[in-house]
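Chains as they are written, first to last, in our numbering: chain A, 1 to 79; chain B, 1 to 233.
Any given hint could be a false lead.
If you want a taste of the chain B side facing chain A, the calculated C-beta under 10 Å gives, among others [to be verified]:
| # | residue |
| --- | --- |
| 1 | R2 |
| 2 | A62 |
| 3 | R66 |
| 4 | P100 |
| 5 | N147 |
Here chain B is said to cover these stretches of chain A; the calculated rule only asks that three of the stretch's residues, wherever they fall, bring their Cβ under 8 Å from a Cβ of chain B [stated by the list, open to error]:
| # | stretch |
| --- | --- |
| 6 | 4–16 |
| 7 | 22–34 |
Hints were generated in silico from the structure; no laboratory data involved. Every residue, glycine too, gets a C-beta built ideally from N, C-alpha and C.
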Amino acid sequence: MKARVTVTLKTGVLDPQGKAIEGALRSLAIEGVDSVRQGKMFDLELSFEDPARAQAVLKDACEKLLANTVVENYRIEIL
Amino acid sequence: MRAAVLLFPGLNREGDAMRALEQASGVKPTLVWHAEHDLPSGTDLVVVPGGFSYGDYLRCGAIAGRANIMHAVRAHAERGGLVLGICNGFQILCESGLLPGVLMRNKDLRFVCRMQHLRVERNDTPFTNRYSRQQIIKVCVAHGEGNYVADPETIARLEGEGRVAFRYSDANGELGGEANCNGSINDIAGVYSERMNVLGMMPHSENLIDPMMGGIDGRGLFESLVHAPARAA
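Construct all of the structure, not just a fragment, from the sequences and the given hints.
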C-alpha cells in the first residue's frame, strides 16, 4: 500500500526559505498570497496492506527520522 | 588523551580536527568509520567534525545522527566521556539527541564564511579551562545552517544552567547585531549537555591553530581537552 507523509515547520518557527519564496511570488506580481511556508513530502510504498499498522510504522518513522519534532510537525495519509 | 574522530560520508574537516588534536596532545587520534559499532577502547574524547554528511539530505546531520556509531557515542557520553561536535558535528549531535535544539537555515539565507569573534562564557569546563571567563577569541565560521533554535523553555533552561558555551560577538565583546552571523537565539554559538561533557559549536576552532591562518585562538579548546581530568570509561 501507499502512504504519504507531509512534514511542515511548526507555527512560530522562522522559515526564511518560505519568506524568500513569498518575496519571489510578489515580484512575479502573483497577487493574494499572504504567506508561504515550505515543507517536505515523502511518498512511501509499504510491503503490507494494514492501515492501522501503517499508521504505527509511519509514526515511528516520523518520530525517529522523517521529522525533527523540535521544530517540525508531520501528517500521515494512507493512500 | 585518546581521541576518536568520526567519519561520515560527506564530512571534510576531519583532517583539520585531527591536526588540531595532535598538535595539542602529541597523540594521533583514531579515525572511526560511521558503520562501526564500537569506539576504540580507552577513548577519552569523541570528535564529530564538520562537513556535509550525506549531502545534508533530509536535514543537516539527520542521517548521520542515526548511524551505528552514534549508539556507541551515546553510551560514551552516558558514561561521562567527552564529546565535541563542530559545525556539521554540532548538527549531528543535536539530531542524535545528545544536545537539545536544532540548527536552522541562517536567518538571511546566505552561507556565511568569515572570521568570527566569540565570547567564552565560562572556563570551568573540560573544553574551556585554558581560556579565561568572558575572553573574546577569534576563530572562523563556515555554514549555511547555524541558526540555533530551541523552544523557550529549553533556552531558559540552557541559560539558567550556564550551558551556553560561546556567544557570537564582535572584537570588543559586543553581542548581537552584525556580530550574530546567523540569527541564533541569544547569540548562541555553542551549547553544553546537562553534565557539561558534550559540547556542540558551529565555529571552527580547529582552523585557528596556526599563525599562518591568521590566529591561534582555537588552540585553547584542544589544549583544554588535553588538560581536562581523564574521563575514560
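Do the hints match the structure? See the list:
1. Checking R2 (chain B) against chain A by beta carbon gives a least distance of about 31 Å; that is not within 10 Å, so the hint is violated.
2. Annotation: interface hint on A62 (chain B) holds; nearest CB of chain A at approximately 7 Å, less than 10 Å.
3. Taking 10 Å as the C-beta cut-off, the interface hint given for R66 (chain B) holds, the closest approach to chain A being about 6 Å.
4. Of the supplied interface hints, the one on P100 (chain B) holds, with its beta-carbon coming within about 8 Å of a beta-carbon of chain A, less than 10 Å.
5. The interface hint given for N147 (chain B) holds, since its Cβ lies 8 Å from the closest Cβ of chain A, which is under the 10 Å cut-off.
6. Counting residues of the stretch 4–16 of chain A whose C-beta lies closer than 8 Å to any C-beta of chain B gives 3; at least three are required, and the coverage claim holds.
7. Counting residues of the stretch 22–34 of chain A whose beta carbon lies closer than 8 Å to any beta carbon of chain B gives 0, which falls short of the minimum of three for the stated coverage.
The structure fails hints 1, 7 (numbered hints given earlier, in ascending order).
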